[in-house]
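Residue strings, one per chain:
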Amino acid sequence: MDVKMINPFINATLNVLETMASTKSEAEKPYLKKDTVAQGDVSGVVGFTGETNGTVSVTFDESCILKIVSNMFGEEMKEINNEISDAVGELTNMISGQARKELSEIGKVFQGAIPTVITGKSHKLESMTKGPKIAIPFKTEFGNFTIEVSMEG
Amino acid sequence: MDLKMKVLVVDDFATMRRILRNILKQIGFTNISEADDGKTALKELKKKKFDLILCDWNMPEMSGIDLLKEIKSDDELKSIPFVMVTAEAQKDNIVEAVKAGVSNYIVKPFTAETVSEKLKKVFGG
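These protein sequence lines map, in sequence, to chains A and B. For the first sequence, my numbering begins at 1 and goes up steadily by one. For the second sequence, my numbering begins at 1 and goes up steadily by one.
Source of the hints: derived by calculation from the structure; they are not laboratory data. Honestly, I wouldn't trust all of these hints.
As the list claims (entries may be wrong) - Which chain B residues stay away from chain A? Per the calculated CB distances, all over 12 Å, these:
(1) Lys4
(2) Asp11
(3) Lys46
(4) Lys48
(5) Asp56
(6) Pro60
(7) Ser73
(8) Ser79
(9) Pro81
Said to hold, decoys possible - Heads up, simulated BS3-like pairs for lysine-lysine below, C-alpha to C-alpha not over 25 Å straight-line:
(10) A/Lys101 x B/Lys78
(11) A/Lys4 x B/Lys25
(12) B/Lys43 x B/Lys78
To be verified - One-sided excerpt, in silico: chain A residues whose CB lies under 10 Å from chain B:
(13) Glu28
(14) Glu90
(15) Thr129
Ideal Cβ placement from N, Cα and C applies to all residues, glycine included.
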């Protein structure tokens, strides 16, 4: 997978969390992911179609997402519940939208779908996309999260 | 801008409705209602008079762009300012919304200042 296709997802993630949740995050070195176990406690997943088919997922540690959503709402969130799941869905939607915007600027046009959210310790994320999966870990002062991008072809 | 105007926030994600409600309250709006998709919004619009619609694009049942087109073809509703608030930021989306008669376009993610500025542009200060 071309790095040009991955950078928009990193940029979108940094921008969405900083703008909506006043959370600065730092991207670490991307790696090729081989297993289907998510590295966290709550994940948002969304597919996209167009130039090729793909999926992007965002998986947060519990402590990290609780603080991020607390910042978004301006009130303290204490447990993973429906409000947290909904917020992860919306964050995933925004990351997908921003990344697709940047990709469209280099001539790669995609349409996005409506995200789904999975919760549970070390849950499994089975990608429907037949292609390599790149994981990018992120660090914040509240904990960690990972995005995974998979594209066919 | 009359802060007592009736605002309808339409988004399938409760998170976004909550964030927009918080921002609108911060600006000074006091009369805010919500709907979770285009169809529900249309029912609300037929029941009650609104002065402003803030609406997402991607929603199940009826999307924001379909709601916008429906409103613009309805003589009773077509004068209500319609602001699209969406993660769909590609040029084609914006062009389609402008052609359909959108009053302004807010791209997610956004700050409270962006919402305030865009609304001032719609209502002229």
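Would the stated hint for A/Glu28 survive a check requiring a Cβ distance to chain B of less than 10 Å?
violated, 22 Å
Measuring Cβ to Cβ, find out whether B/Pro81 lies farther than 12 Å from everything in chain A.
holds, 23 Å
CA of B/Lys43 to CA of B/Lys78, is that 25 Å or under?
It holds: about 15 Å lies between the C-alpha atoms, which stays within 25 Å.
Take a quick look at B/Ser79 and tell me if its Cβ sits farther than 12 Å from every Cβ on chain A, holds or violated.
holds, 29 Å
Answer holds if the nearest beta-carbon of chain B is closer than 10 Å to that of A/Thr129; otherwise answer violated.
Since the shortest Cβ distance to chain B is 20 Å, the answer is violated.
Beyond 12 Å from every chain A Cβ - status for B/Lys48
With a cut-off of 12 Å, B/Lys48 remains clear of chain A, as the shortest Cβ separation is near 25 Å.
Distal placement of B/Ser73 relative to chain A, Cβ over 12 Å:
Given a closest Cβ separation of 25 Å, the condition holds.
Is the hint on A/Glu90 kept, meaning its closest Cβ partner in chain B is under 10 Å away?
holds, 4 Å
Any Cβ of chain A at or closer than 12 Å to B/Lys4, or is the non-interface label fine?
holds, 24 Å
Beyond 12 Å from every Cβ of chain A: is that where the Cβ of B/Lys46 lies?
holds, 26 Å
Next pair to validate is A/Lys4 with B/Lys25; report whether the Cα-Cα distance is within 25 Å.
violated, 40 Å
Minimum C-beta separation from B/Asp11 to chain A exceeding 12 Å: can you confirm that?
violated, 8 Å
Consistency note: the structure conflicts with the earlier hints numbered 2, 5, 6, 10, 11, 13, 15.
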